[in-house]
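> Below are the chains, spelled out letter by letter.
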Amino acid sequence: MSGMFGFGRPQPSSSEKIAAAEQEMDLITDMFNKLQQACMKKCIPKTYLEGEVNKGEGVCIDRCTAKFFDVQMKVSELLQAEAAAKGGAQGGGFGIGGM
Amino acid sequence: MDSLSASEQRELQSRMERKQMKEFMGMFSGLVTHCFDSCVDDFTTKSLVQRETGCVTRCVKKFMAGSERIGTRFQEQQAQMMNQPPPGR
Numbered sequence: 001m002s003g004m005f006g007f008g009r010p011q012p013s014s015s016e017k018i019a020a021a022e023q024e025m026d027l028i029t030d031m032f033n034k035l036q037q038a039c040m041k042k043c044i045p046k047t048y049l050e051g052e053v054n055k056g057e058g059v060c061i062d063r064c065t066a067k068f069f070d071v072q073m074k075v076s077e078l079l080q081a082e083a084a085a086k087g088g089a090q091g092g093g094f095g096i097g098g099m
Numbered sequence: 001m002d003s004l005s006a007s008e009q010r011e012l013q014s015r016m017e018r019k020q021m022k023e024f025m026g027m028f029s030g031l032v033t034h035c036f037d038s039c040v041d042d043f044t045t046k047s048l049v050q051r052e053t054g055c056v057t058r059c060v061k062k063f064m065a066g067s068e069r070i071g072t073r074f075q076e077q078q079a080q081m082m083n084q085p086p087p088g089r
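Residue numbers (UniProt numbering), protein chains in the order written: chain A, 1 to 99; chain B, 1 to 89.
Treat the hints with care, as some may be off.
Computed list of lysine-lysine pairs in BS3-like fashion (alpha-carbon distance at most 25 Å, straight line) [what the hints assert, rightly or not]:
{"id": "1", "chain 1": "B", "residue 1": "K46", "chain 2": "A", "residue 2": "K34"}
{"id": "2", "chain 1": "A", "residue 1": "K74", "chain 2": "A", "residue 2": "K55"}
{"id": "3", "chain 1": "A", "residue 1": "K42", "chain 2": "B", "residue 2": "K46"}
{"id": "4", "chain 1": "B", "residue 1": "K61", "chain 2": "A", "residue 2": "K42"}
{"id": "5", "chain 1": "B", "residue 1": "K61", "chain 2": "A", "residue 2": "K41"}
{"id": "6", "chain 1": "B", "residue 1": "K61", "chain 2": "A", "residue 2": "K55"}
{"id": "7", "chain 1": "A", "residue 1": "K41", "chain 2": "B", "residue 2": "K22"}
{"id": "8", "chain 1": "A", "residue 1": "K34", "chain 2": "A", "residue 2": "K67"}
Keep in mind that the hints were calculated from the coordinates and are not lab data.
Being a predicted model, the structure only gives us computed values, none of them experimental.
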């Protein structure tokens, strides 16, 4: 793959390319951490009566993950619409959903 | 990432390793805080009692299992997103 965010600048320098790859990695790591924090908090009770993720908790995690991404898409969509309505031509600069 | 040269790959690799180390330390301290918070609230003894030890063990185990599951779903979603770009583009 040629970089998931398709930073399509012509002839980027070495450090620019590394920085872009790094930034991409950071973004994904950050997203994963946020997702994990959110869904663990919502789906795993703090009592720890068992060490396994039980069926209900597992299903909760699955749904939580799906919804987290849905919300991400929705927010990105709304922000883009907002930006498009406001700034006209130069909207869509922040494409988290545009991977 | 296919357009990076060998030396660039190496540079990126070493940065990633440092990042992963940092990431791991952050995960570790977060997990300690979380499990301590969830399991320990009785200070009538100096060391962990059996109940607390058990709770911490389950807490860590469960965290691992949970994050593995989230990781799997995350990858699935990520792959799906790449195949179908969102509307409005």
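> Hints the structure violates: just list their numbers, smallest first.
1, 2 and 3
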